[in-house]
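Undergrad: Turn these sequences into a full structure, and let the hints steer you where they fit.
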Amino acid sequence: GDSVTQMEGPVTLSEEAFLTINCTYTATGYPSLFWYVQYPGEGLQLLLKATKADDKGSNKGFEATYRKETTSFHLEKGSVQVSDSAVYFCALSGRAAGNKLTFGGGTRVLVKP
Amino acid sequence: GAVVSQHPSRVICKSGTSVKIECRSLDFQATTMFWYRQFPKQSLMLMATSNEGSKATYEQGVEKDKFLINHASLTLSTLTVTSAHPEDSSFYICSAPGTTNGDNEQYFGPGTRLTVT
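Residue numbers (my numbering), protein chains in the order written: chain A, 7 to 119; chain B, 50 to 166.
Hints were generated in silico from the structure; no laboratory data involved. Where hints are given, some of them may not hold.
Here are some, though not all, of the chain B residues that point toward chain A, as calculated from beta-carbon distances under 8 angstroms [what the hints assert, rightly or not]:
| id | residue |
| --- | --- |
| 1 | Gly-65 |
| 2 | Gln-155 |
| 3 | Phe-157 |
Ideal Cβ placement from N, Cα and C applies to all residues, glycine included.
TA: Have a look at this one:
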C-alpha cells in the first residue's frame with residue numbers, strides 16, 4: 007500500500023538557518039503530494055502541494071519539488087523564523103485511494119531566536 | 050479557499066458518557082468526509098470515511114460501535130464517541146476533499162480535543 011516516510015524530529019534550528027525536511031514515498035500510479043503544517047493546539051493547514059512530476063510547490067518561503075525518479079518531496083526553507091516552529095507532515099493522495107491521505111509521521115521543528 | 054469547521058473545539062466528559070463532534074463544510078458540499086485521530090506528538094490516524102447517505106467505511110482496528118459516524122447531509126458529518134473512556138481522550142480532526150480543482154486537496158477542520166475523565 008501507499009506509505010510516506012519523513013525524517014524524525016525534533017529539529018532544532020536558530021533563526022535564519024536553512025531548513026530541510028526529507029520526505030520519501032511509495033505509491034502506485036501518480037499521487038499528489040502535500041506538506042501540511044500544524045501549529046500547537048491547532049488543526050492542519052495546507053502549506054504547499056504538487057500534483058505531477060517536477061512540479062514545485064511553494065508558499066511562505068517554503069518549497070518542495072515532486073521528484074518522481076527519487077520518489078521524494080523534500081521541504082526546504084532558506085531562512086526560518088521563530089513563527090515557523092510547528093509540526094510538519096508530508097502526505098500523499100492517490101486517486102485510486104479515493105482521496106484518502108496517507109501521512110508521514112510528522113517532524114517537529116523548533117526555531118530558537 | 051474552502052472552510053471546514055468543527056464543533057466543539059474542546060470537550061471534557063465523564064467516563065461512560067457519549068460525546069458528539071460535528072464537522073461542517075461551510076462553503077462547499079462534501080459527499081465524503083474523513084475522520085482522523087491524533088495522539089500527542091504523533092501523526093494522524095485515519096479512522097473512517099464518512100459517506101453522505103450511506104454507511105461509513107471504517108479502517109481496520111477501529112470499532113464501529115464505539116465511534117458512530119453519521120453523514121446526514123452534504124455539509125455535515127458527525128462522530129459520536131459512545132461510552133467514552135479515558136483512553137478515548139485524543140485530538141479528533143475531520144477533513145473534506147475539495148471538488149473544484151480535482152487535485153485531491155483536502156481541507157481540514159481545526160480539530161476537537163476530547164478529554165475523558
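Undergrad: If a hint holds in the structure, say so; if it does not, say that too.
TA: Against the structure, the hints come out as follows:
{"no.": "1", "hint": "Gly-65", "in the structure": "violated (27 angstroms)"}
{"no.": "2", "hint": "Gln-155", "in the structure": "holds (6 angstroms)"}
{"no.": "3", "hint": "Phe-157", "in the structure": "holds (4 angstroms)"}
Violated hints amount to a single one, hint 1; each of the other numbered hints is respected by the structure.
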